[in-house]
Each structure stands twice: as structure tokens, then as C-alpha cells.
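S.K.: First to last, the protein sequences are chains X and P.
Residue 680 in this note's numbering sits at position 680 of the first sequence, and the numbers go up by one each step.
To convert a position in the second sequence, counted from 1, into this note's numbering, add 1000.
Some hints could be false.
Claimed, not checked - Once the Cα atoms are required to be at most 35 Å apart in a straight line, the calculated DSBU-like pairs of lysine-lysine come out as:
#, chain 1, residue 1, chain 2, residue 2
1, P, K1018, X, K675
2, X, K722, X, K644
3, X, K425, X, K627
4, X, K627, X, K644
5, X, K601, X, K627
6, X, K197, P, K1018
Claimed, not checked - Far from chain P, some chain X residues (derived; all Cβ distances over 10 Å):
#, residue
7, V429
8, T463
9, H485
10, L616
11, K627
12, L671
13, Q687
Unchecked claim - Restraint-style ranges between C-beta atoms, simulated for each label pair:
#, chain 1, residue 1, chain 2, residue 2, range
14, P, P1176, X, G284, 35 to 43 Å
15, P, R1140, X, A326, 26 to 34 Å
16, X, R332, P, H1139, 24 to 32 Å
Keep in mind the hints are simulated off the structure, nothing from the lab.
The structure displayed is predicted, hence computed values, not measured ones.
Don't be surprised by glycine CBs; every beta carbon is placed ideally from N, CA and C.
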Amino acid sequence: MDEPLALGVAAPDRPHAPWVLRGVGGVLVLGGVVLAAVELSRNGAWGPALSRLALGAFGWGPLVGAVTGILEARRAAAPGPVLWLLGPAAAAWLVGWALVALGSMRGSGSAPVVTEGTAGALSGPLAGWRDFHLSTLAAYAVGILGAELVLVLVQTALASASRGVGWGPPAAFGVALTAGAAVAFVGGFVGAARSRKLSAPEATIAVLYLGVPLPALLSILPAVPVLDARLGPRLREVIYVANLLGRPEMGYWLVFSLLVLALTLGILTGFVANASGRLDVRTGFELFVARRHVHVFRPRLLLGALVVLLLGIIPPLIVLGILRAADAAVERTRIRELGRRDPLAAARAVHDAQERSQSPTAMMTALSVGGVGVGVMALIIVLSVMSGFEVDLQKKILGTNAHVVVLKYGDPQAGMPEYPEVMKKVAGVPGVIGQTPFLLGQVMVSSEANVDGAIIKGVDPETAGQVTDLPRNVLPGGDIRWLAHPEDIPVRTRYKLDKPPADDVIQAPKNAPAAPPLPGILLGRELASSLRVLVGDPVTVVSPLGGGMGPSGPIPRSKAFRVAGIFYTGMFEYDSKFVYVGLQAAESFFGIPGATGVELKVKDVDDARRIASTVLNALEGYPYRTKDWGEMNRNLFSALRLEKLVMGIILSIIVVVAAGLIVATVTMLVLEKRKEISVLKALGVPQGGIVKIFLAEGLQIGLAGGLLGLFSGLAWCLFIEKVGLRLDPEVYYIPSLPVKVEPLQTALTVLIAILVTYLASIFPALRASRVEPVEGLKGE
Amino acid sequence: MAFVQIRELHKSYWLHGKRIDVLRGLSLDIERGELVSLVGASGSGKSTFLHVLGTLDAPVSGTMEVDGVDVLGLGDADLARFRNRTVGFVFQSHYLLPEFTALENVAIPALVQRMERSAALRRARGLLERVGLASRVDHRPGELSGGEAQRVALARALVLEPTLLLADEPTGNLDPVTGEGIHQVLRDVNRDLGITAVVVTHNEALARSMPRRLRLTGGRVEPA
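Build the full structure now, drawing on both the sequences and the hints.
M.R.: Here it is in C-alpha cells:
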């Protein structure tokens, strides 16, 4: 059937030239690949290149991953050889493909020889055959490239304009991504509408040749200093957003993939809406047919899938088995009894029972719904738990640390005596809602029972609460205000008298009427328990330096404090390592005038970085410098975000598998309904209508699965939140699994899952539309 | 000009690499409102000719105009509309859609045309009454007898009042009495609505009852 013989056209002897062209082209392409490979091993870049490859395997990363790998290796290997082989490799690749294309065109372009029959106007399907649409290519190119440029421009414009206004780069990114996706969608729609087909070659060319370069450029930017110096400042807003992820290139390719997805959706929608020759987005009839083909929204199916999602597979199966067996036994006895009295009614019952047994396609449909549901549910639960951890961590870190600190270059012993002026200047910066001076040092803390190392922080009890949660973290029984009023600290009577410790006694004159009260100190819960002290107990703070030089070297300086309170932040590190004293006490202890710096609280924590730079501007730069909380805890948060992203990608594999199930299901449906497709075509349904019918069937499955997944995922999250899964607090320092359902993230998960299933049914739907009308009407 | 004007129609198949020429330069004119019977030996290409005439199958070469429109040059969308509005098909098997009731099956061409659901169903009900199936509207095709299903198929073909009715052995699977009922409906719609009809049949009696009789032999038609 596939022979190239056609009526009136004898297969001509094809000349050899096209094959030579194709062969040479193919060899050149291979040569390009080999050259690139040689270059890789020459630079010893296989390791990094492969690791990049593995990381980027989920997106468009591989190619660029390899290139950045090489560049990294080159930077590592000092002034290594220039990558002169890569240029020829790329050239060979391009020229090779051009030759292959030329060969193909020559090969098929030989003129046919008319032998018999009459030549007339092109008829039937031949009339619609045309190969390449330049206007479609242009539309796709504008779609993808325009989307990228719009994204970059909008991000730059919005993020720059919002400097100091209050809504940060992430919000700007949301707007920019939406705008970019809209452009890609429109480009795809217009292109497909012009050619009235999907035009895969045009789309491929547009994406590969016009879409890839920008993210590729961004990815290799850090590895090429020349480019970085020239373009880095212009693209800084984009780079900044990508850096929030920890691995910027992953961010670029993820966004690129999203834009390609938007383009694909646009192409598909444009095709479906215009395939019948004019814009036709009405779907009433198609939905009518699709709903009869696939009964997804049946209460029994939905309920069954939901129960499986909520309780797991095995228990419902056992229950179902028991119910089925009982039903069948009762039913058979009933029909037998009925048969004695009323054979007609019995026959009817047998007929109904047979009717109820499910077809394989119905089974597949149920499985696909379940598959999509499982994927969406897993994604929602895992992402919500990870968000929970992140929020918990952020809350604890920000409860103890300031959002932004102002520091000073130079000798730490010089301190920042002018901190009141600094605070006055900073107070005028928009977005700053609290500030307090602090002084930081490292000490040993000793009690009668134990000794431990600690970081001591001098704080202003009056204003500390504006910036951190310290006052609120002090456990009942203590009070931060006692740092300023040590005379109020209740003295514990564990010791017979309120006698200062021995070394203090040495310095105090013996006949003093009353020793001044010991200054107060706040300890973390863990530190307090390791020192075995309670509020009112005295502790001694020792600094190894600062006591001057003695005959045997530096003399440690020490001072007695009284525990004014015990605080609990929930972070083991803070609770075991931090102690707080009054600012004046710290100043006199360390002999540092003023403070180490000023801590600030900002209105929007996500915008801390930007506000920090504004603060620095207000202070006119050197000798001052600022650090934001993200910078201080960068590793922690970027690791967390990256982990979340990778988990998301891995779990998406479930959704991809489910999409495969949908492909199989809809393909089976198409095979099952071949005859019906032919009949529908005979009744006047155009190709686009058939595509719509089967897309709707796939979409129904995706919709049902996505909603079930959403519902069960939220149910699980609620369960985890309300009932709680216990964690070992010794290990996690958190009593139960934290959950934070982020609405945007959840909605995006469901939306993307549904879109993926929608895309998955394109292929079978297109196949269905190509069923010839006579195909199903024959052979009976 | 004739309502249907066919010139030099060629159609070939390839079976295991061998070419089978089914239509060899077939030319034919059919006037508006004619009722034509087409007979011929099995395998002579009657069904193929009917499919080509209904644009379900494309010929290799030749020209064909229906109501002044060159239907072979139409694109997919226009072809679909042509099949939907101008042509009504009745096949040897009923080819009703199994998931839909008789009423819905009849309404489908109207729904394809984006007619309102209620209007389409009303129209379909009227046609089912006309073919004598008012009591079977809510039955699925599996619950209908062969004759009933074929009458539903006929109603479906007529629901949009096509100008050209193509029937491919509509009574081939039915007993003579049931078949005669179908024939009667065919003759009625031709007379009452002026629908041009081409009926392929093996039934000599039916063929003889038609005003114009054609025979397909050697890939061409001749009067029978």
C-alpha cells in the first residue's frame, strides 16, 4: 500500500546527487558532534558537562549544560587553550543539516512523467497540501522570542520602578511571566490559525533557533566574563529573580519551558478553533458527543477514585471485593428465584447485569483519572509540607534575626559610636518599620554547674521588640525589661544569701553598704538547661581577651550577670548559642563604644535586599555596609528552594506517567470509535470538530483527575495540620510536620497538570481527525 | 445545467500492489428532483461511486459539480459543510451512534450545524414521527430492530432537508415487507420535498419502480 506508485506517475530513476548531498551532510553533522566531544574531553570537561546534563535533563538544559560545563572547566584550568574546535563543530552541524535538507529537496523534486489519465484541477485532500508556511514561522518566532523579550523588559521595568515602592521582584516576575506567556500564546494561536494546521516543523525551528538563544545566553553568562561585564548590569533584574532559586540556569530553563508550553497551547487552540476554516470556538456539540464517549463524571467513579486517593489502594480494594462478592451472591440467588416465577423479569435482570459490566476503555478511563489524581495529590502534599518547613524556618530565623543589619567597615573594636545618627538617617527610608542598635561578641558562660560557649548580643530592651521577637520569646517568669532594670530581678534563694560570686567579691570593696545589683542576662532554653540555671540565678560571662596583659599572657575578662529570663525560639542553634544583655552592659564589658551596628525590620521581608541598598544609599555608602537576612542565611534558603523545585520536578514524573495513560486511553477510544468517526464525518463534522471531541475527552479525564487530586491533597494537608504527624522533637526541633498550603502554588500545580493532560490528548485527537470517512464505512 | 454534473471520473485502488480501476471515465448528469436507481454487479463500484458523489472519497481525476459548485476543489471545512447541508446519506447498515438515543441520533446533523439543542430535538422528533417511530424516540440503537434502525437512519439523513439523498442499498439487510416501507418513504420525500435521490440497490423490483434507472458496468454508467 505504501508503494510510491501512482496513477500516471512512473517512479523515475532518481539521480545520485541527492544521496551524495544527504550523505555528506549527515557525515558533517556527525563530525560536528564528534568535534564537540573531542573538545569536551580535551578540556577534561566531561565531568562538569555531564553533571550539568543530568541536572538539565528535564528541560532544555542539556545542550547549554554541556557548554557551561566546558566553560567552567576552562576557567578552572587557568589560561587553557581557546575553544577553537567548538566553532568549526557548530559550523559543521549547521552546514551538514543544510546539505541534508538540500539533498531531500533534490531527491523529491524530480518531475513526474504523465502516462495516462487526464490532468485537471487538484482535487480533494491534495488541494490542501502545502508544505511550509513562512507566515506561520514568523508568527511562532514572534511568539517565542517576543515572549522572552517581553518577560525580560517587563521584569526589568517593573522591578526597577518598584525600587523602594514596596512590591518586590517576585511580584514583578508574576506579572512579567503572565505577559510573556500571553504573547507566546497569541503567537502560537495566530500562526496555527494562518496555516490551519499544527505546523510542527515551523514550531520546532522557531523554538530551537529563536527561542533557545536567550536562555542559553543567560545560562552561560556567568561563565563568560566579557559578556557578563557587558550584559550583566542590563539583565540584573532577571538574573536576580533567577538567583532566588539558587541555581539560576534551572530557573531560566524552567521559565523557557513554561513559555514553550504557552506557545504550544496557543498553537493547539489556534488550530482547533480555526481548522474548520473560520474561527469556531463553539464546542456544544463536541462536548455533547465527548461526554457520551467518556463517562468520567459518574458519581461511582469519582467516589471510588477519591476513596482510593484518601485511603490508599489496598483497603478500598478489599472492601470492594467483599461488597462485590456479597452483591453477586445475593443477586444470583434473587435471579434464580425470579426465574421460577417470572422468566421474563429474570431475563431482564440478566441483561441488566451484563450491561453493567465495564468495558476495558472504561477501566482505562478510571485508571487515568486515578493516575492524574495521585500525581496532583502527591505534588500538593509534598510541596505544602516543604512550604511548611520553609515558613517555619523563616519565621524562626526572622524572629531572632533582623531583616537587615547596618554594619561598619574597619576595626571591630572601634564600634559604631555614632549609631544614633545612623538610626536617624535610616528612619527616613521608606519600608523600614523598626530599628535597634546591637553589639555582638563571643564569650564563655559559666554557672556553678557547667560552662558553655555562646554568642553574646547587647540589645536595647526598649527597641529590640520593634525588630525581633525576642521580647515575645521570653518564657513566663522572665522579662526583657529587667535587662535595663536589674534591681527588679527576683533573686533566687538557692544560695543562702544574695551573695555575688567570688571573683566579683574581690573587686568590690568589702565594706560597701550594698553591692549594686548584677546586670541582667537572657539565656536560651537549651543553654539554660545545660548550665542548669533558672531566672534569678547568677552566671559568669568570660571573654578570653580584653582583660589586659598579665605576666603569663592575656588575662581573660569576666563579669557576673543575673538571669533575667529564658527565651525559646524553636531553633536549637539559637536556643543553645545566644545570650542577650543590655547594650550598656555589653559596651562596658567589651570596651567597645556605641554598638556593632543597627538592626532593621522592613515592611516586606521579600523586599529586604532592595531596602538594604536604599538604606546604604541614605548612609552614603562607605564606611557603612548592609546585609539582608537572605544574604545572611543564603545557603539555607536556596538549598530549601532548590530541594523544593527538584522534588516538584521528580513528582511531576507521576503526572507525566498519568499523561501517558491518557494518551493510551484516548488512543484506545479512537480505535474503538473509528466507525463513529467516519459516520460523524459523513454527517458533516469537520476535522477540527473531531479534534475537539477527543481533546474534550482527554480534558475531561485530566479535569476529573486534577480536581480529585486537589480535593484529596487538600484533605490530606488539612489532616496533617489538624491531627498532625508527630516528629521526634530531639531530631527536628519541631513537634509535628508543618503544612502551609500556598494557594498560588496549589492552583498552579492543578492547572499545569490539567494542561499537560490536555496536551497529552493532542496526538490521539489528531489521529482521530485523520480517519478517512470511507475507512469506517467499509467492510460490513 | 444539470443539478449533478459528472465528467470523466476516474477512481483506482491499490490492493497488494495491484491497481484496480473502479471508475473509468464515468460521466453523468442528474436533474434536480430526479429519483434515480443504480444497479450493477457486486464489486462493480456502485458504493465507491456513491461515496465519491457524497465526497466521502476522493477520485483520482475528473470533475464533479453539484448545484454549480465544484465540490472536488473544496477544502475540509467546506466539504464538511457540503456533507452536512447538501447531502443526506443512508447506508446499508444503519451506522447510528450507539451512545445516543434515536432522537439524538436524528438530531446530530442539526447539532453539528450549531442549531439550538431544543430546536434540533424538536425537528428530529417531527421526522421520527414521519417515519412512524414516535414510540421509539428514547431507545438506543441496540434496542431497535433492523427496520426501525434503518428508518431512524433515514430520518437522520433527512433532518436538514438535504437537496441530494444518497442511499446505498438501504434495504439490503431487510425483509421485503420492511424494505417496502423504506422505499415508500424514499418515494414520498422525493415527491413531497423534491429531494434528488440516488438509490443503489440489488432489488430489481425497487429499481424498476424508479423513474430513471442506471446500471454501472466497466466503470461507466449506462441506462438500464
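S.K.: Check the structure against each numbered hint from earlier and tell me which ones fail, lowest number first.
M.R.: 13
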